[in-house]
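Colleague: Residues in the sequence shown are numbered from 6 upward in steps of one, following our numbering.
Keep in mind that the hints were calculated from the coordinates and are not lab data. Possibly wrong hints are sitting among the right ones.
In silico SDA-like links for lysine to any residue, alpha-carbon gap of 20 Å or less [as the list claims (entries may be wrong)]:
#1 K66 / I55
#2 K80 / I92
#3 K66 / R85
#4 K68 / Y105
#5 K68 / Q56
#6 K66 / D52
#7 K22 / I92
#8 K80 / R91
#9 K80 / L107
#10 K18 / N112
#11 K18 / V81
#12 K80 / Q56
#13 K22 / K80
#14 K18 / D110
#15 K19 / R74
#16 K22 / N112
Label pairs and their computed distance ranges (CB to CB) [stated by the list, open to error]:
#17 F20 / E54: 17 to 27 Å
#18 F103 / S17: 35 to 45 Å
#19 V44 / P15: 25 to 35 Å
#20 T98 / A16: 48 to 58 Å
#21 I49 / S96: 18 to 28 Å
#22 A99 / L59: 19 to 29 Å
#23 R12 / V58: 36 to 46 Å
#24 F20 / G63: 40 to 50 Å
#25 S24 / D52: 17 to 27 Å
#26 D53 / S96: 21 to 31 Å
#27 D60 / S24: 28 to 38 Å
For glycine and all other residues, C-beta sits at the position ideal for the given N, C-alpha and C.
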Amino acid sequence: MLVGGSRFTPASKKFAKESRVELVDGGYASFDLFEHELVPPHIIAADDEIQLVLDHYGIEKNKLPRIRRDDPAVKVLGARPGQVIRIERDSLTAGTSFYYRLVVDSN
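Turn these sequences into a full structure, and let the hints guide you.
Modeller: The following block contains the structure:
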């Protein structure tokens with residue numbers, strides 16, 4: 006991720022796209038998203054963990070709930086479409102629960 010001013014040149018946009026670098030204008034990310042108390046931890050799930058979840062529920066990967074590529078947490082992680090994000094949520098009644106989301110394009 007590259008945080009810059011309010012404008013990027015066409016050449017820098019092309020290079021960033023080819024290099025899979027996310028360009029973010031300076032006003033977008035002014036704090037660490039994951040330090041906020043209401044944002045649960047997000048990580049890119051490992052392939053073996055994903056397979057365990059899919060086998061447990063008897064589903065295909067494309068049947069997982071979705072999260073868009075332009076979601077702020079997905080942008081910070083640098084996740085790409087097709088990857089799965091594990092979200093860890095704490096609850097007083099249920100303890101820690103894991104939620105899995107398939108990253109999809111923003112279209």
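Colleague: Taking the hints in turn, state whether each one holds.
Modeller: Cross-check of the supplied hints:
no. : hint                   : result
1   : K66 / I55              : 8 Å, holds
2   : K80 / I92              : 14 Å, holds
3   : K66 / R85              : 15 Å, holds
4   : K68 / Y105             : 11 Å, holds
5   : K68 / Q56              : 13 Å, holds
6   : K66 / D52              : 11 Å, holds
7   : K22 / I92              : 27 Å, violated
8   : K80 / R91              : 14 Å, holds
9   : K80 / L107             : 14 Å, holds
10  : K18 / N112             : 19 Å, holds
11  : K18 / V81              : 18 Å, holds
12  : K80 / Q56              : 24 Å, violated
13  : K22 / K80              : 14 Å, holds
14  : K18 / D110             : 18 Å, holds
15  : K19 / R74              : 18 Å, holds
16  : K22 / N112             : 16 Å, holds
17  : F20 / E54: 17 to 27 Å  : 33 Å, violated
18  : F103 / S17: 35 to 45 Å : 37 Å, holds
19  : V44 / P15: 25 to 35 Å  : 33 Å, holds
20  : T98 / A16: 48 to 58 Å  : 53 Å, holds
21  : I49 / S96: 18 to 28 Å  : 23 Å, holds
22  : A99 / L59: 19 to 29 Å  : 22 Å, holds
23  : R12 / V58: 36 to 46 Å  : 42 Å, holds
24  : F20 / G63: 40 to 50 Å  : 43 Å, holds
25  : S24 / D52: 17 to 27 Å  : 24 Å, holds
26  : D53 / S96: 21 to 31 Å  : 26 Å, holds
27  : D60 / S24: 28 to 38 Å  : 35 Å, holds
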